[in-house]
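Position chain B relative to chain A; hints supplied.
There are 2 protein chains.
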Amino acid sequence: MKIAVLGFGVVGSGVAELFDKNCASIARKAGQDLKIKYILDIRSLADTPWRDKAACDFEQILLDPDVCLVIETIGGLNPAYDYTKRCLMAKKHVVTSNKELVATHGEELLTLAHANNVNYLFEASVGGGIPIIRPISQCLAANNIDEICGILNGTTNYILTSMGETGVDFDEALTQAQAKGYAEANPAADIQGHDTCRKICILASLSFGHHIYPDKVQTQGIEQITSQDIQYAKENNFAIKLIGRAKRLDNQTACVYVAPHMVKNSNVLANVSDVFNGITINGDAIGEVMFYGRGAGAMPTASAVVADVIDAVKHFHAHKYLSWEKSTGDPVPPNDIATPWYLRDGNKQTITPTLTDWKPWASENGFSEAAFAMRVL
Amino acid sequence: MKIAVLGFGVVGSGVAELFDKNCASIARKAGQDLKIKYILDIRSLADTPWRDKAACDFEQILLDPDVCLVIETIGGLNPAYDYTKRCLMAKKHVVTSNKELVATHGEELLTLAHANNVNYLFEASVGGGIPIIRPISQCLAANNIDEICGILNGTTNYILTSMGETGVDFDEALTQAQAKGYAEANPAADIQGHDTCRKICILASLSFGHHIYPDKVQTQGIEQITSQDIQYAKENNFAIKLIGRAKRLDNQTACVYVAPHMVKNSNVLANVSDVFNGITINGDAIGEVMFYGRGAGAMPTASAVVADVIDAVKHFHAHKYLSWEKSTGDPVPPNDIATPWYLRDGNKQTITPTLTDWKPWASENGFSEAAFAMRVL
Chain A
28 MKIAVLGFGV VGSGVAELFD KNCASIARKA GQDLKIKYIL DIRSLADTPW RDKAACDFEQ
88 ILLDPDVCLV IETIGGLNPA YDYTKRCLMA KKHVVTSNKE LVATHGEELL TLAHANNVNY
148 LFEASVGGGI PIIRPISQCL AANNIDEICG ILNGTTNYIL TSMGETGVDF DEALTQAQAK
208 GYAEANPAAD IQGHDTCRKI CILASLSFGH HIYPDKVQTQ GIEQITSQDI QYAKENNFAI
268 KLIGRAKRLD NQTACVYVAP HMVKNSNVLA NVSDVFNGIT INGDAIGEVM FYGRGAGAMP
328 TASAVVADVI DAVKHFHAHK YLSWEKSTGD PVPPNDIATP WYLRDGNKQT ITPTLTDWKP
388 WASENGFSEA AFAMRVL
Chain B
28 MKIAVLGFGV VGSGVAELFD KNCASIARKA GQDLKIKYIL DIRSLADTPW RDKAACDFEQ
88 ILLDPDVCLV IETIGGLNPA YDYTKRCLMA KKHVVTSNKE LVATHGEELL TLAHANNVNY
148 LFEASVGGGI PIIRPISQCL AANNIDEICG ILNGTTNYIL TSMGETGVDF DEALTQAQAK
208 GYAEANPAAD IQGHDTCRKI CILASLSFGH HIYPDKVQTQ GIEQITSQDI QYAKENNFAI
268 KLIGRAKRLD NQTACVYVAP HMVKNSNVLA NVSDVFNGIT INGDAIGEVM FYGRGAGAMP
328 TASAVVADVI DAVKHFHAHK YLSWEKSTGD PVPPNDIATP WYLRDGNKQT ITPTLTDWKP
388 WASENGFSEA AFAMRVL
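Those protein sequences? They're chains A and B, same order as listed. Note that the first sequence ends on residue 404 in this note's numbering; no numbers are left out. Note that the second sequence ends on residue 404 in this note's numbering; no numbers are left out.
The shape of chain A in the complex, shown without the other chains:
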C-alpha cells in the first residue's frame, strides 16, 4: 500500500517520522505494510532524509495508480481544496488534519468521497491527537447528542492560563506564548476565535447531522480579557476559558457560538490548562463525557493522522462512517440561553443572576451597557 503526503510542515513531517518510528506495529495493526512513496511540498526536500521521496508535482501523485491513499497536511483552503477533490475523484482515500477545509467544504468532500467509494477522514482536524471524531461518530452512535463544549485552541488556553498563573496582562502573555512557539507571529486566527470556530463547526456538523458554516457562527476571541478579569476569576473560584459551544435547542435548532466564559472550578473544563484541550459532550444515554489531551503539536496530530490511515486501510472497501447533510439553515446565536453573566464596568465587577440578556439587569444595577460581559458556565 503506497501513500503520498501533501504538505511537509509540522504535521506532515511528524507523520513521516511516526511511520518510521512505529512502522512494525503500524503494519501489524493495518494488516499490511504501509509505505510513503511521495512527499509534495513547495520547499525543497533536498537537505532532508526524505529527499528520495520528493514528488515533482501534484499530477505525478494523482496519476500514479500505486498511490491509494493521500495524506493532506497542507492546511488552508488552497490548493488543499482542489487537490482533495481531485484525489477523491481519482478514487484515492484522503486523510487530513485540515480543519479549515473540513469546516468549510466538509459536506461536499464527504459526498464526493461517498460517490467514489473512498474515505475522507479527519480525526486530526479537531483536538490534535485527542480521539474525538471517531468517538462521536462510533462510540456515541446510540446517543442523540445534545451539547458540546470545548476548549479547542491550545494557544489561547496557554495565554489565559499564563495570565492566571503569573498575573501578566494579555499582550505580555501573548508575547511570551510567541517566544515559546505556542503562538504564531500572526496570532489572529487563534486569539480572535476563528480556529475554535472551525473546530466547533466540525463537531457540531458531525453531531447534529447538518453542515454548520464557520462564517455563520457568532465568534468572539480573548483580546478583551484583562488581568482584572483573571484576578476576579481566581478570587471567586472560576477559570476563564475560550469555549466553542454547540447546543441543540428545544426546537431542534442548532445554537453554535464561540466566546470566552467564566467557568466554575467544579466544571471539569476549568482544570484543562496550558496548551491542553478538553471537550465535554452530553448525550441522551451517556450523560456527560470528557476528552482531554494535547490539542496540537507534531506528534499528537500525526498520531491522529496515522490512526485514520490505519482505519482507511483496514476498511478499504467497507462503509464510511462519517457524513453529514447539507445545511438546513444557519445556526443561531445563544440569545435564548439563560446563564449568569460576569460584568466588568470600570472597577466594578459582578456575577448576575441567570439571564438571557444582561443589559436590562445591568442598567437597573448600576452597570452601563458598555460593560464587558462574559457568560458563566
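Do not take every clue at face value.
Same chains, same label: a pair holds when it works inside one copy or across any pair of copies.
No more than 25 angstroms apart at the CA atoms, straight line, and that leaves these computed lysine to any residue pairs for SDA-like [unchecked claim]:
(1) Lys56 - Ala142
(2) Lys48 - Phe197
(3) Lys341 - Asn143
(4) Lys62 - Asp311
(5) Lys56 - Asp173
(6) Lys375 - Ala142
(7) Lys207 - Asp311
(8) Lys243 - Ala286
(9) Lys118 - Ala82
(10) Lys64 - Asn171
(11) Lys29 - Asp277
(12) Lys48 - Arg275
(13) Lys341 - Cys95
No lab work stands behind these hints, which were simulated from the structure alone.
Just chain B now, kept in the frame of chain A:
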C-alpha cells in the same frame, strides 16, 4: 437484522430501552433496521412490556438462523462463558458488557471469534459508556502505549469522595453508598479492588498485546483508608483515589497493579469525583490523553453496548479490530517503580522522598514497618 439479549438486568433492560427510544437514528447509523427478537432471563418477563420477546431457553436463540448478533449482559463467568462460546461457534456476533468474562477468557474468545469470522466486542466492559476500548484500539493505533492509570470503579470513587466532602469514616460512607444504590449489598468486589483489577487487565491486555490475568495482579482495596488519611490529603492538596495502573517497564515487562493512591490535585485524575470514572493513557506519539464520564449505570452502559452493535452490523463481513495474544508471563508488581509514599503510623503522617521501597526510609525516620503506606501519583 435480528438480535437476542441474554440477561435482562440493569444493563440488558437499558439496552432494550435505548433501542426503543433512539430506534430511528440507530437504524440510520447502522444502515438497516435492528430488531430485538429474543430476550432470555431466568426471571419471567410476563409482567414487562417485553413479554412477547421472552425466549424459552438458550437453545432457541442458538438454533435460530435469523439471530445474527447476541448481546450478553448476564455478567459473571457462568453461564455467560459457555453461551458466548456457543454463539461464536454458531457464527453469531457477540457484544458484551461482561468485564469478568473478558478479563478471564478474552484471549480465547477473541481467537474463537476470529476463527469463526465474527466479532466479539466489549466497549461496555470498561468505563461504562466512556469510549475507551475503541479509542485505544483505533484512535491510538499509531502509538506504543506506555502507561494507563484509571479510576475505574464508581462505587469506591463515590465512597472516597463522600469521605472527603463530609468527613464520615469508611463504614458510614459505605452504608450511605448502599442506601443510594451506588454500592451493592455485598460490596466486596468493588471495595476490595477486584472490579478495578478486571478492568485494568482488559485495558492492559489490549494496549500491551498479551493477556493479563486478574488473579496474577497485586490488588489492594480501599477498606484501610481512614478519615485521618482523607483529612491529610485535603490539607496537603491531594485526593485519595483507587487506581488501576498498567505500565510498560524498560525491559518491556508489564507492571500491573491496583491500589489506593494519594493523587496530587494538579493531576487530572484528582478532579474525577463521585461515581465518575477517569482514565489517562500515555502514548509515545500522543503524550497524555484522558477520558472521563459515567462508568456505570443502565443508560451509559447501554450506550456503549448499542454502539458496539451498530459497529458490528456495519462491519458484518469486515476485519475485527480487537485482539491480543496469549499471556507471555505474569505481570509484575510495582516493586521497581519509584514514587513518593504517604505513610500513616498512629498519629504520625508524612510524605516520603521518591523511593521504590518505603520500609528502609521508614525505619530511619521514626515510622514502623507496620505503617499504612500509599503511593503518591
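Hints, verified against the model:
1. Lys56 - Ala142: between (27 angstroms within a copy, 18 angstroms between copies)
2. Lys48 - Phe197: neither (39 angstroms within a copy, 48 angstroms between copies)
3. Lys341 - Asn143: Result: close both inside a copy and across copies, 17 angstroms intra and 19 angstroms inter.
4. Lys62 - Asp311: Between copies only: 21 angstroms across chains, 42 angstroms inside a chain, cut-off 25 angstroms.
5. Lys56 - Asp173: For lysine 56 and aspartate 173, the Cα distance is within 25 angstroms only across copies (17 angstroms; inside one copy 34 angstroms).
6. Lys375 - Ala142: Answer is neither; intra-copy 58 angstroms and inter-copy 71 angstroms both fail.
7. Lys207 - Asp311: This pair counts as between: shortest inter-copy Cα distance 22 angstroms, intra-copy 41 angstroms.
8. Lys243 - Ala286: Classified as within; 14 angstroms inside a copy, 50 angstroms across copies.
9. Lys118 - Ala82: For lysine 118 and alanine 82, the Cα distance is within 25 angstroms only inside one copy (19 angstroms; across copies 47 angstroms).
10. Lys64 - Asn171: For lysine 64 and asparagine 171, only the inter-copy Cα distance (24 angstroms) is at most 25 angstroms; the intra-copy one is 42 angstroms.
11. Lys29 - Asp277: neither (48 angstroms within a copy, 33 angstroms between copies)
12. Lys48 - Arg275: between (43 angstroms within a copy, 18 angstroms between copies)
13. Lys341 - Cys95: both (13 angstroms within a copy, 23 angstroms between copies)
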